[in-house]
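Read top to bottom, the protein sequences are chains S and L.
Those letters in the first sequence? Residues 10 to 208, by the numbering used here.
Those letters in the second sequence? Residues 269 to 508, by the numbering used here.
Calculated from the structure, these hints are not laboratory results.
Please note that a few of the clues may not be correct.
[Claimed, not checked] Covered stretches of chain L (chain S as the covering partner; in silico rule of three or more C-beta atoms under 8 Å from a C-beta of chain S):
| hint | stretch |
| --- | --- |
| 1 | 334 to 345 |
| 2 | 417 to 429 |
[As the list claims (entries may be wrong)] Residues of chain S placed beyond 10 Å of chain L at every Cβ, according to the derived structure:
| hint | residue |
| --- | --- |
| 3 | V38 |
| 4 | F42 |
| 5 | M115 |
| 6 | M121 |
| 7 | A172 |
Every value quoted in this text rests on a predicted model; they were computed, and no experiment measured them.
Glycine is no exception: its CB is placed at the ideal position from the N, C-alpha and C atoms.
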Amino acid sequence: MPFFGLILGTISGLGKLSRKKIFRYPCIVYIDFIRGTPLLVQILLFYYGISGLYSNATGNSLQIDPILAGIIVCSINSGAYIAEIVRGGIQSIDKGQMEAARSLGMNERLAMREIILPQAFRRIIPPLGNEFIALLKDSSLLAVIGVHELLKSGQLYISRTFAAFPVYIAVALMYLLMTIVISRIVAYSERRLGVSDRN
Amino acid sequence: MIEIRDLYKRFGELEVLKGISVDIKENEVVCVIGPSGSGKSTFLRCINLLEKPSSGEIIIDGEKITDKKININKIREEAGMVFQHFNLFPHKTTLQNVSMAPIKVRKLSKEEAEKRAHNLLTKVGLEDKANVYPSALSGGQKQRVAIARALAMHPKVMLFDEPTSALDPEMVGEVLAVMKDLAQAGMTMVVVTHEMGFAKEVGDRVLFMDDGVIVEQGTPEDIFSNARHERTKLFLSKIL
Ligand SMILES: Nc1ncnc2c1ncn2[C@@H]1O[C@H](COP(=O)(O)OP(=O)(O)OP(=O)(O)O)[C@@H](O)[C@H]1O
Ligand SMILES: [Mg+2]
Numbered sequence: 010m011p012f013f014g015l016i017l018g019t020i021s022g023l024g025k026l027s028r029k030k031i032f033r034y035p036c037i038v039y040i041d042f043i044r045g046t047p048l049l050v051q052i053l054l055f056y057y058g059i060s061g062l063y064s065n066a067t068g069n070s071l072q073i074d075p076i077l078a079g080i081i082v083c084s085i086n087s088g089a090y091i092a093e094i095v096r097g098g099i100q101s102i103d104k105g106q107m108e109a110a111r112s113l114g115m116n117e118r119l120a121m122r123e124i125i126l127p128q129a130f131r132r133i134i135p136p137l138g139n140e141f142i143a144l145l146k147d148s149s150l151l152a153v154i155g156v157h158e159l160l161k162s163g164q165l166y167i168s169r170t171f172a173a174f175p176v177y178i179a180v181a182l183m184y185l186l187m188t189i190v191i192s193r194i195v196a197y198s199e200r201r202l203g204v205s206d207r208n
Numbered sequence: 269m270i271e272i273r274d275l276y277k278r279f280g281e282l283e284v285l286k287g288i289s290v291d292i293k294e295n296e297v298v299c300v301i302g303p304s305g306s307g308k309s310t311f312l313r314c315i316n317l318l319e320k321p322s323s324g325e326i327i328i329d330g331e332k333i334t335d336k337k338i339n340i341n342k343i344r345e346e347a348g349m350v351f352q353h354f355n356l357f358p359h360k361t362t363l364q365n366v367s368m369a370p371i372k373v374r375k376l377s378k379e380e381a382e383k384r385a386h387n388l389l390t391k392v393g394l395e396d397k398a399n400v401y402p403s404a405l406s407g408g409q410k411q412r413v414a415i416a417r418a419l420a421m422h423p424k425v426m427l428f429d430e431p432t433s434a435l436d437p438e439m440v441g442e443v444l445a446v447m448k449d450l451a452q453a454g455m456t457m458v459v460v461t462h463e464m465g466f467a468k469e470v471g472d473r474v475l476f477m478d479d480g481v482i483v484e485q486g487t488p489e490d491i492f493s494n495a496r497h498e499r500t501k502l503f504l505s506k507i508l
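Isolated chain S, as found in the complex:
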């Protein structure tokens, strides 16, 4: 999920900065729609909405795999947030960098790929880490469509044992553990990549 989100976010972040309207407008619509609606609604819309449309249209019922649906919705969702992070990162790079690259005969694509994006990515590692943590926590919402993620598994366990408090605490601690691991990875890569361009 973080991987697809990152790809989608980079593409639509670049798209929003494009001078061409055919690239820019779809990206703006996508980003604004996703950021302006709750993830829970997006999950329900995608999971029940699409199968509903399908059965209305064809008369057959469609069974979407909830896990697959969950991965798709969460990727699309985080992609929109990552797009804004990527866009901010690109815009924070000094204009002189693009000019220097262009003055050496690099075309815009090459300059973006070799000069601007590598610098932008170093700079956006911390907000990207926050986004991944948010994504991880938000994945608990997938319980509503029956995905057996951490929260749902806990709930099933409670329904058998009636031990609500200890199980929820355990679930919370597991989320905490995972987010701490992500923060550590982020801090580590920040240190690793930061060494070369400290100014």
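Start from chain S and add chain L with the ligands according to the hints.
Relative to the frame of chain S, chain L with the ligands by itself:
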């Protein structure tokens, strides 16, 4: 070698260049002086099409670069540019800064490009800094790397936009020395600078720009000692 005819540049309502015509010969070193906002940078940036001229034509080596059909990237390969604030790539080592464009744009092999980059770094006196990142260099060293980086593309002309004005005074000399070597090796150069010493010693010609036009031009002698126009005299009295 460079012919510029009736060059105009507007930014929206603001007319920055108001009809510039000038010829620059091969091996010539032309210094451009003038007050802030007079359009010196814009003029330079038009020569390698970092700014698109509003009208007029620029011909480099018989090639009309203001033609719509021209490949802009090809032109930029021919005109090296050195910026006031260096604009080195901070995520690349000194060697990579210099060898990168030849590899990616000229499609040189990595070995060949790095060999040339080492030679250029030796030429600007920074061979021992090949593997450090720009953040570890002083301002003067950064600007020398920037010069090597531009030279690596074998440009026909080198454009300098106030290459020493962001430097501490003690570092100006080392950069000017590199530029002087370059001029003596026969490079065609257009230099926006207020270093009168450099202009006098190395410059073949000085252009004085004010308010988007070339007010006066001549040998450094002519301009610095016998300026004819009031505006030139006034400007020189302020900076000398
Ligand atoms: N991209 C741009 N958009 C709008 N106006 C611009 C742009 N670039 C330059 N200008 C304006 O054009 C005028 C000339 O700018 P230019 O940078 O060419 O002057 P300059 O002679 O190099 O000055 P300085 O000595 O301060 O560098 C200025 O008034 C500047 O504000
Ligand atoms: Mg300027």
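Provide an ascending list of the numbers of those earlier hints which the structure does not satisfy.
5
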